[in-house]
Amino acid sequence: MFSFIKKYATTISGIDLYPSISLVIFVTLFVAMFLFVIKANKKYIQELENIPFHD
Amino acid sequence: MEIEKFSYDNRYTRNFAIATFVWSLVGMLVGLIAALQLLIPELNFIEQATFGRLRPLHTNAVIFAFVGNGIFMGVYYSLQRLCKTRMWSDTLSAIHFWGWQLIIVAAAVTLVFGFTSGKEYAELEWPIDVAITIVWVVFGINIFGTILTRRERHLYVAIWFYIATWITVAMLHIVNSMAIPVNILKSYSMYAGVQDALVQWWYGHNAVAFFLTTPYLGLMYYFLPKAAGRPVYSYRLSIIHFWALIFLYIWAGPHHLLYTALPDWAQSLGTVFSVMLLAPSWGGMINGLLTLRGAWDKVRDDVVLKFYVVAITAYGMATFEGPLLSIKSVNAISHYTDWTIAHVHVGALGWNGFLTFGILFWLIPKLFQTELYSRKLANIHFWLGTLGILFYVVPLYWAALAQWSMLRQFTPEGILKYPNFIETVTAIMPMYYLRAFGGSLYLIGACFGVWNLIKTAKQGKFLANEDAEAPALPKTYETHSNEHWHRWIERKPIQLLLLSFIVVGIGGVIEFVPTFLVQSNIPTIASVKPYTPLELQGRDLYIRDGCYVCHSQMIRPFRAEVARYGDYSKAGEFVYDYPFQWGSKRTGPDIAREGGKYPDSWHYNHMDDPRTMSPGSIMPPYPFMLENDLDISTTESKIRAMQILGVPYPKGYEKIANQDLEKQAKKIQANLKKDGIETSEKKEIIAMIAYLQRLGTDLKPNETPTK
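Which chain is which? The protein sequence lines are E and X, in order.
Take the first sequence: its letters are residues 1 to 55, numbered as in this note's numbering.
Take the second sequence: its letters are residues 1 to 707, numbered as in this note's numbering.
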């Protein structure tokens with residue numbers, strides 16, 4: 001089974017595109033996360049950080 | 001809104017807590033015995049307790065028994081309270097608890113009896129791997145059941161860490177454990193050589209990341225604010241910490257393989273991501289320490305906070321050192337020396353050990369509705385532990401630098417100044433004594449800690465079911481008009497699970513796909529041939545006795561290493577190595593090109609008692625290999641497994657393999673006889689000699705053994 005996958009995947013053209021895709025995903029994810037963290041409102045953050053004290 | 005009444009289950013939190021401190025003592029004790037065996041080789045007196053078997057037992061016990069139970073203890077306590085609901089199923093909790101303990105016992109027994117897959121931190125054989133998968137799935141169902149029936153809308157950041165841990169450990173365990181079984185307790189890794197090394201260290205590094213780090217960060221984000229009585233310093237930072245950490249960690253594995261035969265691009269990838277890891281790791285550490293801002297006066301009085309402060313500081317030190325060690329020039333020193341051992345013990349003793357004991361000192365009084373039995377005793381534990389860590393790690397840093405500098409010194413004439421590896425070992429023995437002393441201090445401290453916890457439990461009354469109440473979660477959630485996308489994730493555990501999986505999956509795919517698929521990454525060498533049946537059997541003895549724990553089979557392209565061990569290792573030399581045996585630590589010399597260096601009789605005497613051939617050696621003696629008969633009934637199934645994996649033995653060879661095995665064995669027997677050693681050709685030592693004499697000879701076929 002393993003050699004079967006290997007045989008076909010070896011011939012994928014443009015496999016060198018993989019690293020570029022990963023870079024795009026990486027940058028997108030981090031930009032989106034930073035935007036969220038910066039824009040999140042204070043009350044909401046306070047609500048979240050106090051969850052451990054609600055028990 | 002209707003208030004619902006329910007109760008938290010404390011029984012399994014308590015059970016996991018007991019398991020945590022029981023296994024902590026076992027794991028540390030085995031570690032101490034192993035440390036003493038390096039000082040007094042005579043302590044390797046029985047086959048089942050030689051260093052090569054005890055060291056994997058020590059690492060497995062500390063990682064999966066001590067820290068593993070510590071994770072479950074913390075998750076079972078915090079998850080219920082963060083979700084305001086009881087654990088989803090008491091039955092699953094029971095199966096999880098007892099299943100995990102059974103796995104630990106099975107692991108301990110099989111490891112000492114030599115059943116091992118030979119892959120570091122994943123040594124357990126395939127039936128146990130299957131059991132781990134089942135119990136891990138049970139754990140997953142139980143936590144997701146709990147999360148899905150929660151009464152708190154938002155998932156606190158600790159839960160994100162738990163979810164990422166669960167999915168990533170599942171992925172790592174399954175991918176790395178892929179193997180072809182030979183029989184009920186023996187299997188061969190499905191990957192060979194360079195590919196096996198890459199998968200193994202992708203796993204090995206992320207076992208550190210997702211078993212020793214992310215779940216413990218989750219625990220830190222819950223138990224530290226609880227003990228300090230104030231919320232985490234910056235919740236925003238914890239969000240960045242989470243995503244950045246899980247995204248970067250998964251790529252860092254190849255930093256364990258710098259300067260090896262792994263393709264260069266993969267090594268660079270590992271370095272870059274490891275250096276970047278410093279940012280989220282220190283973000284997390286700073287977040288932890290600053291949670292105590294304005295509460296430092298409490299640290300003076302509260303022993304729990306003291307443990308936390310040292311734990312988080314150790315986390316900061318270890319995660320500063322990690323990126324440092326991933327830089328190639330620093331890695332050249334640390335890899336194969338005691339630096340790595342020191343580094344992991346900053347993490348294990350400081351971060352995991354101290355955070356666990358801090359949690360235990362806070363949790364046990366809560367569960368037993370009482371106060372800690374003795375604060376004084378806890379303080380003694382704290383200081384013994386802190387001193388223990390220092391006495392453990394500082395001498396090992398020294399040992400690493402001293403040995404490294406000795407190994408690479410040349411005389412003005414251009415030859416190695418210390419050609420005998422043993423000289424460099426003898427020089428650092430005092431450091432090994434100090435390390436054992438440090439380990440003893442830490443263990444004694446832990447004994448005080450456990451005694452303190454037992455006394456605490458005895459003076460209190462256990463609360464099995466803790467009553468609680470909370471409003472039910474409304475079925476529909478009113479979205480705010482300006483709701484942000486991230487809220488969509490953190491309210492939805494399944495989305496969080498999938499996104500975490502994608503994030504950690506990408507790293508694995510990008511690393512593996514090219515190594516597995518692009519054939520030019522591993523150039524084949526025509527003269528590299530599969531092992532003969534006798535060599536294959538010998539190789540399995542090498543794996544059984546954990547020789548890889550102290551001997552590497554990977555010569556790096558440095559002048560000093562090439563001069564000492566021979567030509568540097570090439571990727572194509574390992575294509576039939578299921579599993580690879582590059583090793584990660586040289587307590588003894590590299591043996592990648594051992595074949596032909598010494599006559600057969602040297603190996604015979606050396607295995608019987610290393611000190612007769614190499615005075616001052618700290619290698620365990622293996623007299624039992626001279627006594628035990630080699631089990632050749634397995635040859636056929638082993639060759640067949642190799643054929644399935646793609647090793648080019650001729651068709652039908654498995655049936656006649658034992659004939660070749662006996663022929664080769666007789667030849668070695670005759671060689672030994674010439675040197676005055678009378679032995680049967682059926683003994684294990686014959687196979688061992690065959691394997692050792694084969695090592696590295698594919699690239700120098702015309703050389704004959706010389707004295």
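Just so you know, not all the hints are guaranteed correct.
[What the hints assert, rightly or not] The following label-pair restraints were derived from C-beta to C-beta distances:
| no. | chain 1 | residue 1 | chain 2 | residue 2 | range |
| --- | --- | --- | --- | --- | --- |
| 1 | X | V330 | E | E47 | 41 to 49 angstroms |
| 2 | E | V24 | X | D297 | 46 to 54 angstroms |
| 3 | X | W296 | E | F53 | 16 to 24 angstroms |
| 4 | X | E4 | E | L35 | 34 to 42 angstroms |
| 5 | X | T634 | E | V24 | 48 to 56 angstroms |
| 6 | X | I327 | E | T28 | 57 to 65 angstroms |
| 7 | E | S20 | X | A526 | 54 to 62 angstroms |
[Said to hold, decoys possible] Listed below are the simulated SDA-like cross-link pairs for lysine to any residue, each with C-alpha atoms no more than 25 angstroms apart in a straight line:
| no. | chain 1 | residue 1 | chain 2 | residue 2 |
| --- | --- | --- | --- | --- |
| 8 | X | K683 | X | P530 |
| 9 | E | K42 | X | T634 |
| 10 | E | K39 | X | R236 |
| 11 | E | K43 | X | K366 |
| 12 | E | K42 | X | K492 |
| 13 | X | K328 | X | W282 |
| 14 | X | K298 | E | Q46 |
| 15 | E | K42 | X | L473 |
| 16 | X | K492 | E | I25 |
| 17 | E | K39 | X | L237 |
| 18 | E | K42 | X | K666 |
| 19 | X | K458 | X | K328 |
| 20 | E | K39 | X | E152 |
| 21 | X | K663 | X | T634 |
| 22 | X | K570 | X | A332 |
| 23 | X | K492 | E | I38 |
| 24 | X | K226 | X | N379 |
| 25 | X | K455 | X | W383 |
| 26 | X | K298 | E | I38 |
| 27 | E | K39 | X | T634 |
| 28 | X | K666 | X | P474 |
| 29 | X | K666 | X | G646 |
| 30 | X | K492 | E | F34 |
| 31 | E | K43 | X | I286 |
| 32 | E | K39 | X | R230 |
| 33 | X | K529 | X | G652 |
| 34 | X | K366 | X | I18 |
| 35 | X | K366 | E | P52 |
| 36 | X | K226 | X | F462 |
Calculated from the structure, these hints are not laboratory results.
For each residue, glycine too, the CB sits at the ideal point set by N, CA and C.
For each hint, the structure was consulted:
1. V330/X <-> E47/E: 41 to 49 angstroms: Holds, since V330/X and E47/E (Cβ atoms, about 44 angstroms apart) stay within the stated range.
2. V24/E <-> D297/X: 46 to 54 angstroms: holds, 49 angstroms
3. W296/X <-> F53/E: 16 to 24 angstroms: holds, 20 angstroms
4. E4/X <-> L35/E: 34 to 42 angstroms: Since the Cβ atoms of E4/X and L35/E sit about 37 angstroms apart, the hinted range of 34 to 42 angstroms holds.
5. T634/X <-> V24/E: 48 to 56 angstroms: holds, 50 angstroms
6. I327/X <-> T28/E: 57 to 65 angstroms: violated, 28 angstroms
7. S20/E <-> A526/X: 54 to 62 angstroms: Check failed, 35 angstroms falls outside 54 to 62 angstroms.
8. K683/X <-> P530/X: holds, 22 angstroms
9. K42/E <-> T634/X: This hinted pair is violated, its Cα atoms lying about 67 angstroms apart.
10. K39/E <-> R236/X: holds, 10 angstroms
11. K43/E <-> K366/X: violated, 31 angstroms
12. K42/E <-> K492/X: holds, 21 angstroms
13. K328/X <-> W282/X: holds, 21 angstroms
14. K298/X <-> Q46/E: holds, 23 angstroms
15. K42/E <-> L473/X: holds, 23 angstroms
16. K492/X <-> I25/E: holds, 21 angstroms
17. K39/E <-> L237/X: holds, 13 angstroms
18. K42/E <-> K666/X: Violated, at roughly 80 angstroms.
19. K458/X <-> K328/X: violated, 53 angstroms
20. K39/E <-> E152/X: holds, 23 angstroms
21. K663/X <-> T634/X: It holds: about 17 angstroms lies between the C-alpha atoms, which stays within 25 angstroms.
22. K570/X <-> A332/X: holds, 18 angstroms
23. K492/X <-> I38/E: holds, 21 angstroms
24. K226/X <-> N379/X: holds, 20 angstroms
25. K455/X <-> W383/X: holds, 20 angstroms
26. K298/X <-> I38/E: Distance of about 32 angstroms is beyond 25 angstroms: violated.
27. K39/E <-> T634/X: Status violated; Cα separation ~64 angstroms.
28. K666/X <-> P474/X: Violated, because 79 angstroms separates the two Cα atoms, which is more than 25 angstroms.
29. K666/X <-> G646/X: violated, 29 angstroms
30. K492/X <-> F34/E: Distance ~20 angstroms between K492/X and F34/E Cα, so the pair holds.
31. K43/E <-> I286/X: Holds - the C-alpha atoms of I286/X and K43/E are around 23 angstroms apart, at most 25 angstroms.
32. K39/E <-> R230/X: holds, 24 angstroms
33. K529/X <-> G652/X: holds, 18 angstroms
34. K366/X <-> I18/X: holds, 14 angstroms
35. K366/X <-> P52/E: With a Cα-Cα distance of about 15 angstroms, the restraint between K366/X and P52/E holds, given a limit of 25 angstroms.
36. K226/X <-> F462/X: Within the cut-off at roughly 21 angstroms; holds.
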